[in-house]
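Quick note: the sequence shown uses my numbering, first residue 338, plus one each step.
There may be inaccurate statements among the hints.
Claimed, not checked - Simulated crosslink set (BS3-like; lysine-lysine; CA at most 25 Å straight-line):
(1) Lys667 x Lys521
(2) Lys411 x Lys521
(3) Lys367 x Lys343
(4) Lys653 x Lys667
Rather than coming from a laboratory, the hints here were simulated on the basis of the structure. What you are looking at is a predicted structure, and each value in this text was computed from that prediction instead of being measured.
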Amino acid sequence: MIVLIKILQVVLALSILILVHELGHFLFAKLFRIRVDKFYLFFDAGGYSLFKFKPKGSDTEYGIGWLPLGGYCKIAGMIDESMDTEALKKEPQPWEFRSKPAWQRLLVMSGGVLFNFIFAIMLYIGILAGWGESYFSNEGNGIYVNDLAYEMGFRNGDRILMFDDYSPENFGMLQADLARQTAKKATVLRGEDTVDIYIDQNMIGEVLNTPGMFDLAIPFVIDTVAPESVNSGSGLMHGDRITEIDGHHVEYLQDSRRLLADLAGKNVPVTVVRGTDTTGMNLQVDTLGRLGVYTQLPGLTTKEYSVLEAIPAGFKLTFETIGGYLQDLKLVFTPSTEAYKSVGSFIAMGQIFPATWDWYRFINILALLSIMLGVMNLLPIPALDGGHIVFTLYEIITGKKPSDRFLTIAQIIGMILLFALMVLAFGNDIGRLLR
Numbered sequence: 338m339i340v341l342i343k344i345l346q347v348v349l350a351l352s353i354l355i356l357v358h359e360l361g362h363f364l365f366a367k368l369f370r371i372r373v374d375k376f377y378l379f380f381d382a383g384g385y386s387l388f389k390f391k392p393k394g395s396d397t398e399y400g401i402g403w404l405p406l407g408g409y410c411k412i413a414g415m416i417d418e419s420m421d422t423e424a425l426k427k428e429p430q431p432w433e434f435r436s437k438p439a440w441q442r443l444l445v446m447s448g449g450v451l452f453n454f455i456f457a458i459m460l461y462i463g464i465l466a467g468w469g470e471s472y473f474s475n476e477g478n479g480i481y482v483n484d485l486a487y488e489m490g491f492r493n494g495d496r497i498l499m500f501d502d503y504s505p506e507n508f509g510m511l512q513a514d515l516a517r518q519t520a521k522k523a524t525v526l527r528g529e530d531t532v533d534i535y536i537d538q539n540m541i542g543e544v545l546n547t548p549g550m551f552d553l554a555i556p557f558v559i560d561t562v563a564p565e566s567v568n569s570g571s572g573l574m575h576g577d578r579i580t581e582i583d584g585h586h587v588e589y590l591q592d593s594r595r596l597l598a599d600l601a602g603k604n605v606p607v608t609v610v611r612g613t614d615t616t617g618m619n620l621q622v623d624t625l626g627r628l629g630v631y632t633q634l635p636g637l638t639t640k641e642y643s644v645l646e647a648i649p650a651g652f653k654l655t656f657e658t659i660g661g662y663l664q665d666l667k668l669v670f671t672p673s674t675e676a677y678k679s680v681g682s683f684i685a686m687g688q689i690f691p692a693t694w695d696w697y698r699f700i701n702i703l704a705l706l707s708i709m710l711g712v713m714n715l716l717p718i719p720a721l722d723g724g725h726i727v728f729t730l731y732e733i734i735t736g737k738k739p740s741d742r743f744l745t746i747a748q749i750i751g752m753i754l755l756f757a758l759m760v761l762a763f764g765n766d767i768g769r770l771l772r
């Protein structure tokens, strides 16, 4: 059932984003009276489709293809992924893409990316107006490290103050900030001391490919004891801090998990600090390795927005996300970071969606994917919008239009590059699954 829910979310998200992107091309083409031959969700490879129709009096065939690897808007007189060059052998017609001024062609090619960014802005405005913005603040919260973070010099309980000259605000973005800043030094507060940790740049690739470097260090402080808990009558009180279990020191909640798993079903001695007093008591560990208590969590930082306040905040969040993704792409195209190993396909996309339906998370992910699709399409690869945009800008600047033969060859090269990128993405995902 979980797999089906994830597949449904991936298919729905991709379908929405493809339609939004292609709608941008479609509407600008129609605005400049350029004929659109086809508007398809997914590819009708081999001429086969799941569904198609052509309204009476319309030049456009609408449909759903059988190959779910994208979608397309086939614009008359344009060299695109369909590689249909038959029309180019005839004299240009006034309703064709190639007959229009360069500035109009530039807007048609930019329409998909523009609509992706506008769509993300609208989603973020809706999220901020409806749910607000919630995150764990980095200020005052310590980290709980995995093996990679420990190897790099971080320790449980460290409070990260700076990455070089950058002060991180959102605790959940610490690992991304470390990679994006390609930080050479992290400054942390360890107890009462300020410590500098020098980052080996050769490990940035591992940072990108090792999730969970910085968990939130949660002190084992009791909030409540569940009524149905095996320890409901134990005497534990709100504010009690468990510091020792079965003779083993416990600084944070995470320290207790492996201990309790090994002690499942047993009655064990614990040390509890209550105010200024330290006392001992026995607690029962249930068969699942739990004490049946809720611990106090650091408070979420929450910002609420009115609809009017959400509009500029939505723009700001969109452009910040675009900036962050551009930094990610810079790392991907820097071989020494090995960030290319983090490139993923639909399999990786499925893993970021929750196992249960959650509109808040779905819309957040949809906004992020819309930005990613927009930025990726701006890459100056001939088969992408960015390649067409570069050629059109060249024409505007120099007054020289690239030949149809050049554009056809460039399109073929671009499609080969995209195919190679797809192979890399699927290869990375299969490798991760096997590991």
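Comparing the hints with the structure gives:
1. Between Lys667 and Lys521 the alpha-carbon distance is near 17 Å, which keeps this suggested pair within the 25 Å criterion.
2. Note on Lys411 and Lys521: the hinted pairing is violated, with a Cα-Cα distance of about 48 Å set against a maximum of 25 Å.
3. Taken as a hint, the Lys367 and Lys343 pair is broken in the structure, with Cα atoms around 36 Å apart against an allowance of 25 Å.
4. As the CA atoms of Lys653 and Lys667 are separated by approximately 21 Å, the hinted pair is consistent with the 25 Å bound.
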